[in-house]
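Visitor: Chain by chain, the residues:
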Amino acid sequence: MSAEILSFETGRPAELAEGEPALVVDVEGYEGPLDLLLALARQQKVDLAKISILALADQYLQFIEAARKIRLELAADYLVMAAWLAFLKSRLLLPEPPTAEGPSAEEMATALANRLRRLEAIREAANRLMNRPQFRRDIFPRGNPEVIAEIRHPKYTATLYDLLTAYAVQRQQNVLASVHLARRTVWSLVEARASLERIVGMVDTEQWSCLDDYLLRYVVDPTQRATVFASSFAAALELVREGEMELNQKEAFAPIYFRKRLPQPAPDAVSAPDVQ
Amino acid sequence: MASLAEKRIEIAQVEIEEVEQVQAEDSPQARPEELRLLEALLFASSEPLDTATLAKRMPDGVDVKAALAQLQAEYAPRGVNLVRIANKWAFRTAGDLAWLMTRESTETRRLSRAAIEVLSIIAYHQPVTRAEIEEIRGVVTSKGTLDVLLETGWIKPRGRRKTPGRPLTFGTTEAFLSQFSLESLNDLPGLEELKGTGLLDTRLPTGFTVPTPSDDPTLREDEEPLDPGDLELALAPRVEPEGGNES
Amino acid sequence: MASLAEKRIEIAQVEIEEVEQVQAEDSPQARPEELRLLEALLFASSEPLDTATLAKRMPDGVDVKAALAQLQAEYAPRGVNLVRIANKWAFRTAGDLAWLMTRESTETRRLSRAAIEVLSIIAYHQPVTRAEIEEIRGVVTSKGTLDVLLETGWIKPRGRRKTPGRPLTFGTTEAFLSQFSLESLNDLPGLEELKGTGLLDTRLPTGFTVPTPSDDPTLREDEEPLDPGDLELALAPRVEPEGGNES
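Residue numbers (our numbering), protein chains in the order written: chain A, 175 to 450; chain B, 84 to 330; chain C, 84 to 330.
Heads up, a few of these hints could be off.
[Unchecked claim] Residues from chain A shown here face chain B by an in silico Cβ test under 10 Å; the list is partial: (1) I313; (2) E320; (3) T331.
[As the list claims (entries may be wrong)] A few chain B residues that face chain C, going by a derived Cβ cut-off under 8 Å, partial list only: (4) A123; (5) F126; (6) A127; (7) M184.
Think of the hints as simulated: they come from the structure by calculation, not from any bench. Computed from a predicted structure; not experimentally measured. Here a beta-carbon is modelled for each residue, glycine too, at the ideal position from N, C-alpha and C.
Go ahead and model the full structure; you've got the sequences and the hints to work with.
Guide: Spelled out as structure tokens, the structure:
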């Protein structure tokens, strides 16, 4: 809360006090121009209601003058107040213009006096408030409070509908349990033939290719291997019968090779290459 | 001390309208000041205070022990007592007012799916053993599920099956009927009604039956009475370890 | 009740050697049981309890207000007093024993002079806007000052003034009353004098009307409700840059 430090951040000008015997220029403690005015007013030692605003304005202006002389940086608030007081002072000293607009000088002075009274009153009230016994400073609550224990009784709810649904679902589940055979994925002959035709179309005509290699490349899922091989074999036989391709197998269980049947009927079957 | 007393009077006047209190304080039979001090210290302390600690805060020449004894006697008939705990002193609400310091509350909870399933089987198939329930549900019934059901008061162990192991048989209670607004167990819908409401599939195989439930407390031929202490047993933890397929 | 009394006697005998207390209890001038109950409830709680809450825990037919008044009178001369704060009741250590309790004290926040002034202005002038506070103090109120006060929980924004800019109005809280041991705002020290001088009203010429500070959450005619999010706003940094002459 050092924000109260108004503008005299340069520090207290204590060393200057010797040159200014009448007035100790120490603004650090003041809470703004009104506070300063109030402090000056108190020096008049009269009821604030009867205070001489003229004298107060003089004191204030004097203070500001002193502060400026020692080149203290005054906050704008103080200067605004100084200007206003100078204006008020001149109004108070000059005779009132006959058709004055706004409040008269007297009214302005009274308003200022009232502001000072109000500030002083609230200060006094604050003082009394802070002097009241304060909670946890002067008076204390129960240091070790005993809590009111809560005993919770669970109350369960369920509806007849819940009950019957639960029952029916369970009974049904067990009674209607039938054997679900996993559906086998089968490679149909049509699918196998279409694939073979594509494969045969891809390979070099003269070249024998290993059927297994191609099939393994296409069939990723090992569980489908059997059906793929079976269907492909059957489709291959079909294609051979139709003269679309040739098959070659060295011996039983050996890899089967295939190649595209050349358009012209080959008199001699080309022997299968000795692969590996 | 005079100024303190003055201050106290001031405060007393501000805070209390009863002026006689202030007088009472000044009267000859006023309580010794140390009782006020002890009272305040013990009240505000977050933990029990021992005599030595209290004595340190008292004015010289105060017999703290005697003062504590007097305070204890003063508070004995009150709602707050001065009690000694392990040689330390503290204010505590009177033991007989424990009921005042508790608040009972009911909280509504929904039964778990498993619990309602078990309950429905007990309702239709009673008297039924745990093994039979598990047979129907196809899963192991957790002890917790049965405990919750026993806690609801809707089921109870009613006897023991005359089979090896003498398993407990469970049945429903009157509270069950009341909970589900049933006049009697016969009001539970039968096979045809369940089919009619669409709860049971109409294409059920022949031979599928829904038992006609009965909560007749008379033991059946294959039941024998509960042993003494069976009720506690029913709530005791199951011995065998339970697997992950509980429900 | 007989068993309670018996139990109480039992406890008394166990804990206290003075048997005459037990006798005193059975004597015709025994205190009404409700005093014990209220005592226990209020003593146990560190938070003030309102009459309704207390009444709920009392047996039927108990005049809680009368019992509280009696209890307050009983405890007035003691080291622990029964005080009323914003229509709630709580036991608190006696204010004059502050000197004794200092060691119990946790570091109390020291408010700056500016904060104290602002707090007082809010207390005596509420509902009051920041501009009005500044009018009285003649100086710009730093955001920090208001923040510190909001943080204490003693003040709160309570609405918005129906004037251009819709400034927030501030008021005090229950915690404020509790902090300064005030039963209500009417107990603010010096309030009567302030009212008498007519200095309380910032907006009207002196002596015109005598407003009374009020923490009645009901908004005044010239107030409107807070917008959602205003509470955060009150704590958010002020938008306009603030000069060096804050306070």
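Visitor: Could you run down the list of hints and mark each one as holding or not?
Guide: A quick look at each hint next to the structure:
1. Taken as an interface hint, I313 (chain A) checks out: its beta carbon lies about 9 Å from the nearest beta carbon of chain B, inside 10 Å.
2. Because the beta carbon of E320 (chain A) sits about 6 Å from the nearest beta carbon in chain B, less than 10 Å, this interface hint is met.
3. Checking T331 (chain A) against chain B: minimum C-beta separation of about 6 Å stays under 10 Å; hint holds.
4. This hint holds: A123 (chain B) has a C-beta 4 Å from the nearest C-beta of chain C, less than the 8 Å allowed.
5. Annotation: interface hint on F126 (chain B) holds; nearest CB of chain C at approximately 5 Å, less than 8 Å.
6. Hint on A127 (chain B) holds. Least Cβ distance to chain C is approximately 5 Å, under the 8 Å limit.
7. Restraint check, M184 (chain B) versus chain C: the minimum CB separation of about 6 Å is within 8 Å; hint holds.
Of the numbered hints listed earlier, not one is contradicted by the structure.
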